[in-house]
Amino acid sequence: MLKKIKKIKGEALKKISSANTLTELEDLRVFYLGKKSEFNDILKGLKDLSTEEKRKVGPSANETKKGIQEALENRLMELEEAEDAKKEWIDITAPGKKIKKGHLSPLSIVQNNIEDIFTSMGFEIADGPDIDSEFYNFDAMNMPADHPARDMQDTFWVKTGSRKEEERAVLRTHTSTVQVRYMEKNKPPFRIIVPGRVFRSEATDPSHEHTFHQFEALVVGKDVSVANFLYIAESFFTQFFRRKVNVRLRPSYFPFVEPGFEFDINCANCGGKGCGVCKNTGWIEIGGAGMVNQKVFEAAGYDRGKYQGFAWGFGMERLAMIKYKISDIRLFHSGDVRFTRQFK
Amino acid sequence: MKFSYNWLKELSGTNESVEKIARELTLHSFEVEKIEDLGKNLDKVVIGEVLEVKKHPDADKLKVAKVDISPTPSQSPLRAGGEAGALQIVCGAPNLKAGQKVPVALAGAVLQATDDKGQGTEIEIKKSDIRGVQSEGMICAEDELGLGEEHAGIMVLDKDAPVGEKFSKYLKLDDSVLEIDVLPNRAHDCLSHEGVALELEALASVGNVKSVQNVKDEIKNKTFSIDEMMRKSKADGTSLSVSIDTDKCARYIGIRIKNIKVGESPDRIRSRLIACGINPINNIVDITNYVMLETGQPLHAFDAKKVSKILVRQAEQGGKLKLLDDSEIELSEKDIVITDGEKPIALAGIMGGAQSAIDEKTSEIILESASFDYVSVRLSQKYHNLKTEAGHRFEKEIDPNISEHAAIKAAEMIARECGGKIDSFADAYPDPVSPWTINLNTESLNKLLGIIMDKKEVVKILERLGIGIEEKKDFLIANIPTRRIDLQTQEDLIEEVGRIYGYEKISPVPLMEKVQSPKWNEVRYFDRLLKDMAVFDGFDEVKVYSFYSKDDAKALGLNDENHVALLNPMSSDQTLVRRTLIGGLIRACKKSLSYFDSVHIFDLGRVYAPKNKSLPEEKLLFSLAVAEKGEKGEQFYLLKGVLEDIFYRIGIEDYYYDDSFEENNEDIIALHPSRKALIRSSSGEILGYIGEITKKANKYFGIKNARVAVSEIDVERLLEFVPEDRDFEPLARFPEVERDLSMIVDEFTRVADVERLLYGAGGELVKDIDLFDLYVDPETEERSMAFHIRFSHPERTLKAEEVDELIEKMIKTAEEELNITIKK
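First to last, the protein sequences are chains A and B.
All letters in the first sequence, in the order written, are residues 1 to 344 by this note's numbering.
All letters in the second sequence, in the order written, are residues 1001 to 1824 by this note's numbering.
In case anyone wonders, no lab produced these hints; they're calculated from the structure.
Among the hints, erroneous ones may be present.
[Unchecked claim] Here are the computed lysine-lysine pairs in the DSS-like style, where the Cα-Cα straight-line distance is at most 25 Å:
1) A:Lys-185 to B:Lys-1514
2) A:Lys-97 to B:Lys-1640
3) B:Lys-1002 to B:Lys-1382
4) B:Lys-1640 to A:Lys-98
5) B:Lys-1554 to B:Lys-1591
6) A:Lys-100 to B:Lys-1590
7) A:Lys-344 to B:Lys-1591
8) B:Lys-1632 to A:Lys-98
[As the list claims (entries may be wrong)] To spell it out: a stretch of chain B is covered by chain A in this simulated footprint if at least three of its residues, at any positions, have a beta carbon under 8 Å from a beta carbon of chain A; those stretches are:
9) 1027-1036
10) 1483-1496
Glycine residues also receive a C-beta, built at the ideal position from the N, C-alpha and C atoms.
Start from the sequences and build out the full structure, keeping to the hints where you can.
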């Protein structure tokens, strides 16, 4: 009896696995597990066996039934799946469902990038008003009343309520306004950056805008030196451009720093050999920097000679233009979404 | 300023190449923006003699000239090349005459030209046929040789110009021009060849420019003095009266020179002026310009026959003065004028008067070398809208001691070159400026630069800069020469040492100051978060200008008076400082709708409200706009959905939309009368607004076939309502029951009103009421709403009958309060 069961099982599993259509499979089910099947007869006959024989044959017969049933089900699934694959074919090269995509202005991308790098170096992000007093924009920055930078052609002036000439304010011409504002409320040592909008009353062209953005960096302490400035500057630009950046300082003049520098980085495009991007000098001019003039510290109420520090004010549009090779600064404020949509 | 390489070489004694000098100056002193080889295009230009001039047979305005370019045989570099002999040249210049010596461009020469649009370009000279006559070259005008603007006729050279010689050699144009961007704080000493020569000498101290010898003693020590000069020239009893009656003139030196002959300057002077971009005029004017370029001191010469004495004073308000350029100005009392004791004869430091000007007949001059107040000169230039070389230098402040040096130099040159005799002098110098001292601590120097330099090297660098040093135990005393007006503090000296030493030699060093965890800028963080969320919701960021016009303000329904106004706007469309970003966003929509059917944009920026007698109040606004073509009118809901999404994500739940308000004309723009709402916090504070723009705004901004919905949110106000971290709520243990309710409602019944009634009637067990359909039947125009309503009980499973009862109650209330019909 056991032999017979074993034989049926072997035969059935073999035939099921080679069944190729659903009808074939159904026929096999009827043949092996149907009411008139040989196996059903065996199951029916079990009750006539002795207890001992029952114990021997019973489990085996049940197991065989289960086995065949499982094989049938598995094969059925396989055959159905093959059938579905044809019926449910999709063209996976067709595009995915359109999700409306938004984009940040390259200016915001660059600003986020700058803030992240400086935050990681322990810098606080500070703020100040866009429209500020002459004091914070000029006097405190060692540009006294007769300084040429106050001429109308460089600075936007606004009335502050009254009609009197003295009661006027400036649209800040640099983010350096925040230097003395911050120093009045905080004591060194500190390190801050100030990203923000600045204004110059000048004619616009591909490299000049009357509205643009700067980020000021200001580090003040007892021993902050030019060498420290070089270190922070190289660290920042190396991270920002994701390559090793070398910095070059040249003498320059800004009333609020002494010494003052013009700040260049080595040209990535030509590796320093000279090309169109760097006007054949191997260096790209980034902006102005320097060691904070003691007169600025004095304007903030610090004692002369007590602290030293460095400051810079670099243009964010300029950095974005270098990073993304943007040729016209006016695109930033063009309001043309075709511009924004290029930046991911 | 343009500097002559030859001149700098002569003054400094350097033999270095012009490129090397340019590089060193750029790294240590001033940026050299350009190097130009002066004679570079003049290789094939030679001096010719016009032998004869005939009319062109076939053109009225043209002439045919025979021009001899053959030099004496042994000197001819050209004869060997076969170009010798008389050339036939067709020329149209009206001033062409036989016997003239002229510059002749041979075939192959490349010259400057001006194209039809007035743009500079280059042309190559070729042998050619001009209306049937062979032309073998070109007779040149000044501008074609890059020597000036003159194009009215050909350039006529001196009679003794050697025929056949290279033109560039003849004019000493074998020079290079360095265009140097002298820094503003050095304009008082380095807008001069002497100043830059001294820089070159200082650079030699650290081996940057190796072969510089000592700069001529003449510059450094000023061996002559007015006194000595007076003694030497034995002024024979004549005198000149010079006086100053204003505190705006530190010094005035007048020198009367007689017996001069006005004429053309020698080539040496002319060529240097040309190299520096100044057109030669006559020997007197040329020498004053020459000495200015060499020393930095502007000079002026009056015709002494027309001026008997000099008085410097403030101008009288309303006084008239006719200037050299024949313009007449009305003086202000802030101007300084030179007078002959009575009437003004020059606007001090800016321009001389016409009446006392030098002309060919002048035989006697008064040479002026003076020092005027830089602020006054700057303001006068601005007031009269005049920009002159002299004014440009005086407005940067000039050392009065240079006046003396320059006066002597010029007087001597005039005596030498113009046959003059120095007659008398006067020097009004009420408050002589003496050198001053600055104490320098080497330790402070090293601390600021972040280097280690020993005292010896510091001393060496400063001494080469012409600064005398006295060594004390702990510090150095630096004696500053008066020409270095910029050196006032210890830091100024540190900069001198640092730049001459070379910033490129400083190695980066990490900051040693202790690191503190930076203070968190919450507004900036939130600003970024809002932008990111807008981007995730499919919005593009654009940047909007901070200015707009009065008309823009009016079109947006804002009061144009209630704005911060620019005192000096650049154009009439940017006169006000913005109180909203919407105008800019609508413009951006308009622009972008030409490329896309649907534009979703935002900007986040500040707006400015005027405040009496203080700085304007600045607010940060998050401004969004949705513009879509077509009249479907879904823009409002799309924008509202995005706001709700963003509010949800920052955790703001309790707020509502209020449509019963009037725009305030101040900071909320006019909106579509029935598609607008204020967004208020649960406590009623205004967080922002949302709405479609008005028909008027649509028309004004030129939006066609599209609707625009906009919203502005006050970022810092919103931030106040962002909750702190919330506490965890246990998950619901008992199942919720959900029922749907559909109803037909009246035309103006609002979803919020229905929901409020349903919540009220349903009581505590109602967890949520959610509109899922709002529909207007196109045929019957019946308006219907459908809600999902969810019920739950915190402590047990709700029975179906309980819920049925609540629903009945809700329906009944709604039917009583509002005219609704439940759809079964």
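Enumerated hints in conflict with the structure, sorted upward: Nothing - there is no hint that the structure violates, so all of them hold.
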